[in-house]
Every structure is written in structure tokens, then in C-alpha cells.
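**Student:** The residues making up each chain are set out below.
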Amino acid sequence: MSTEIVLEFWEDGQVNLEGKGFKGQACFKEMQFLKDALGVETSSTKKQEFYQAEVKRDGKIKAR
Amino acid sequence: MSHYSEVAIELTDEGCLVAALSRLGFKGKVEVHQEAQPLYGYQGDTRAQKAHIIIRRQHVGRAANDLGFERQADGKYRVWVSDYDQKYNKYNDAWMGRLKQAYGVEKARAEARKKGYRVSEKKMDDGRIQLVLRR
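Heads up: the protein sequence lines correspond to chains S and X, in order. The working numbering numbers the first residue of the first sequence as 22 and each following residue consecutively. The working numbering numbers the first residue of the second sequence as 112 and each following residue consecutively.
It should be emphasised that the hints constitute simulated quantities derived from the structure, not laboratory data. Fair warning: there could be bad hints in the mix.
Once the Cα atoms are required to be at most 30 Å apart in a straight line, the calculated DSSO-like pairs of lysine-lysine come out as [to be verified]:
#1 X/K233 with S/K56
#2 X/K225 with S/K67
#3 X/K225 with S/K44
#4 X/K138 with X/K234
#5 X/K234 with S/K67
#6 X/K226 with S/K50
#7 S/K41 with X/K226
#8 X/K234 with S/K56
#9 S/K41 with X/K234
#10 S/K44 with X/K234
#11 S/K44 with S/K56
Just need the whole structure built from these sequences, with the hints factored in.
**Tutor:** And the structure:
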């Protein structure tokens with residue numbers, strides 16, 4: 022599954038970020054540069070996929 | 112999918128702030144200074160405030176004062192808008208929100224391009240601006 026990051030900028034100066042297609046902590050890592058660049062994170066919500074297994078490069082499964 | 116985040120935008124990037132002001136109609140009307148310069152009032156009087164990024168009063172509105180952005184020691188910009196311009200020229204909280212929105216779009220686009228993302232932008236009917244990053 023391909024990955025993408027969707028950002029929605031509101032007229033009040035808030036922005037929502039959503040990672041799609043990531044497994045586990047890859048989403049946090051991939052989106053961190055945007056959070057660092059834009060300002061202060063005010064909330065974060067993990068989705069079901071966050072708790073799914075992440076396949077490491079050596080083929081082993083990293084348990085969550 | 113894995114998680115959502117909400118971020119409050121802070122103004123820290125000179126180039127993106129200038130680009131955001133251009134999006135709001137000030138293209139070619141923005142002064143950028145290495146050293147903070149004085150702001151002037153509607154009668155040409157020098158104000159106590161200084162700024163690194165300035166829109167002069169003739170571009171701001173009727174009987175307006177200069178609009179300024181002063182870079183602080185922590186890298187964040189402090190915004191100088193007179194009470195008059197907030198009330199009568201509509202440079203109020205709603206305008207600041209739209210400025211942060213435009214800044215955020217410019218900043219995210221710039222940072223995403225550095226990381227090799229392809230970026231698509233869409234303006235929504237409710238005023239939101241959506242960016243989709245792919246690679």
C-alpha cells in the first residue's frame with residue numbers, strides 16, 4: 022500500500038496532519054519533520070493501524 | 112493509516128512568511144530587512160516598534176499604520192498591528208488566522224520538497240487548504 026501525508030490548513034491557523042498507509046511508528050517518524058517545521062503539536066491520536074505489526078528490513082516482525 | 116496530529120502554526124521562516132503575505136495580496140509590497148527598521152504611523156510619525164518584515168501603511172488601508180513582523184531571539188516573529196488596523200482595516204484575529212494558514216501551506220510545501228515529496232494543493236469550499244504529499 023502506498024503512503025501519503027494529508028495536511029488540512031484551517032483559516033484559524035490550525036493544521037491537521039494525517040498519515041495514510043503507514044504501519045506502526047513509521048508514521049510518527051515520517052511526519053515529524055512537518056510538525057517541527059510548522060509549530061507546536063497540540064494533540065495526537067493514534068489510529069488502529071498504529072498498533073499493527075511493523076515489518077523490519079531483516080524480515081522479522083517487531084511486536085507491538 | 113496510523114495517526115492524526117493537530118499543530119498550532121508559528122511564524123519562524125522569513126521566506127515562507129513573505130510568500131504567505133503575497134498569497135494575501137501583498138505581492139511586491141513587502142520589505143525585508145536584516146536589521147529591524149522603525150514602523151511609521153498614519154501621519155508619518157515614527158513608532159516605538161521595529162520590524163524585519165514590513166508592509167508600509169499605504170498598502171495596508173485607509174488611514175493605516177505600518178504592519179510589521181519582528182524576529183525575536185527565539186526565531187519566532189512577533190506581529191505588530193495597530194489597534195486601529197485591527198478594528199477598521201480588518202487585520203484582526205481572522206486575518207491572522209488566514210496568514211498562518213497561508214504560511215503553513217508555504218512552509219509545508221517547502222519542507223516536503225526538500226524531502227522529495229510530490230505535493231498537490233486544493234482549496235476547499237469551506238476555506239480549508241489541503242495538501243497531499245506523496246513519493
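**Student:** If a hint holds in the structure, say so; if it doesn't, say that too.
**Tutor:** Going through the hints against the structure:
For the proposed pair X/K233 and S/K56, the alpha carbon gap of about 20 Å is at most 30 Å, so the pair holds. Distance hint between X/K225 and S/K67 is fulfilled; the C-alpha atoms sit about 27 Å from each other, no more than 30 Å. For a cut-off of 30 Å, the pair hint linking X/K225 to S/K44 stands: about 23 Å separates their Cα positions. Using a Cα cut-off of 30 Å, the hinted pair X/K138 and X/K234 holds, with the two alpha carbons roughly 20 Å apart.
The hinted pair formed by X/K234 and S/K67 meets the criterion: a straight-line CA distance of about 27 Å does not exceed 30 Å. Restraint check for X/K226 and S/K50: satisfied, since their Cα atoms lie roughly 13 Å apart, inside the 30 Å limit. Distance restraint check for S/K41 and X/K226: the Cα-Cα separation of roughly 17 Å lies within the 30 Å cut-off, and the hinted pair is therefore satisfied. As the CA atoms of X/K234 and S/K56 are separated by approximately 21 Å, the hinted pair is consistent with the 30 Å bound.
Pair hint S/K41 plus X/K234 holds up; C-alpha atoms about 20 Å apart against a cutoff of 30 Å. For the given pair, S/K44 sits about 29 Å from X/K234 by alpha-carbon distance, which is consistent with the 30 Å threshold. Straight-line distance between C-alpha atoms of S/K44 and S/K56 comes to about 19 Å, which keeps the hinted pair within the 30 Å bound.
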